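Colleague: Full structure from sequences and hints, please.
Everything in the sequence shown is counted per our numbering, starting at 4 for the first residue and increasing by one.
Certain hints may be false.
What the hints assert, rightly or not - No more than 20 Å apart at the CA atoms, straight line, and that leaves these computed lysine to any residue pairs for SDA-like:
#1 Lys-71 / Ile-33
#2 Lys-104 / Lys-26
#3 Lys-72 / Ile-146
#4 Lys-104 / Ile-149
#5 Lys-95 / Gly-35
#6 Lys-25 / Ala-169
#7 Lys-72 / Gln-32
#8 Lys-104 / Glu-150
#9 Lys-71 / Thr-28
#10 Lys-72 / Trp-23
#11 Lys-71 / Arg-171
#12 Lys-72 / Gly-134
#13 Lys-96 / Lys-72
#14 Lys-26 / Glu-60
#15 Lys-104 / Gly-35
#16 Lys-115 / Gly-134
#17 Lys-96 / Val-57
#18 Lys-92 / Met-111
Hint data in this document are derived by calculation from the structure and do not stem from the laboratory. A quick note: this is a predicted structure, and the numbers were derived from the prediction, not measured.
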Amino acid sequence: MIFKLLIFLIALSTPLELDWSKKHTIPPQIPGYNYVYGDIYWDPMIYFGHEDLVGLETEIHVFFAYNKKIAKALLILGPEGLTDYNCIKKFKKVVSLLNIKYGDYQYMTEVKEPLLEDLLSASVCYSIKVGSHNIRVFWTGPIYNIEAMLLGDPNALYIEISYHIANRVRSYDKKHRTIILKKLSKEL
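Modeller: Set out below in structure tokens:
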């Protein structure tokens with residue numbers, strides 16, 4: 004019984020130690036991270052981490068809705084620490100840690116280009132790096148939706164963990180459409 008209560012309390016804890024219920028007027032403090040740039044009106048706010056997480060460098064991007072509450076936070080792991088030979092192992096470790104905190108994931112998607120079966124590659128991580136292979140894992144909770152994704156570009160690999168509150172993300176999208184439309188009307 005106590006174990007189930009502990010799991011429930013951990014699941015309801017706020018992601019990234021951010022106060023998602025507060026209206027922010029200044030950049031929020033994130034323990035272990037330095038604020039670099041961005042603001043509540045022109046997000047994202049960017050933070051760099053002091054410590055690595057599972058042997059990877061860390062960065063956080065925070066996005067705000069109209070009401071100045073956090074709508075979405077993106078934790079980026081890598082590229083330092085991710086290689087063509089350890090990306091799957093590191094991704095599995097991250098997913099395992101998220102499973103401990105938020106419970107077992109709801110579903111996973113893995114998309115591979117059909118051409119991959121005809122090619123000889125040194126590692127699965129290389130196919131992820133060139134964009135031919137994509138792995139995503141999803142958690143849905145009573146408050147937050149979470150997505151972990153292993154992705155890359157020709158020069159590096161990353162693990163991105165996106166935390167968001169669905170109705171605030173819609174408000175965030177509306178806010179940015181309004182800003183863009185205002186800029187376009189000024190230029191015309």
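Colleague: So, for every hint listed, does it hold in this structure?
Modeller: Hint check results:
| no. | hint | result |
| --- | --- | --- |
| 1 | Lys-71 / Ile-33 | 17 Å, holds |
| 2 | Lys-104 / Lys-26 | 25 Å, violated |
| 3 | Lys-72 / Ile-146 | 14 Å, holds |
| 4 | Lys-104 / Ile-149 | 11 Å, holds |
| 5 | Lys-95 / Gly-35 | 24 Å, violated |
| 6 | Lys-25 / Ala-169 | 17 Å, holds |
| 7 | Lys-72 / Gln-32 | 14 Å, holds |
| 8 | Lys-104 / Glu-150 | 14 Å, holds |
| 9 | Lys-71 / Thr-28 | 7 Å, holds |
| 10 | Lys-72 / Trp-23 | 6 Å, holds |
| 11 | Lys-71 / Arg-171 | 10 Å, holds |
| 12 | Lys-72 / Gly-134 | 33 Å, violated |
| 13 | Lys-96 / Lys-72 | 30 Å, violated |
| 14 | Lys-26 / Glu-60 | 29 Å, violated |
| 15 | Lys-104 / Gly-35 | 19 Å, holds |
| 16 | Lys-115 / Gly-134 | 9 Å, holds |
| 17 | Lys-96 / Val-57 | 8 Å, holds |
| 18 | Lys-92 / Met-111 | 16 Å, holds |
Going through the hint list in order, the structure does not satisfy hints 2, 5, 12, 13, 14.
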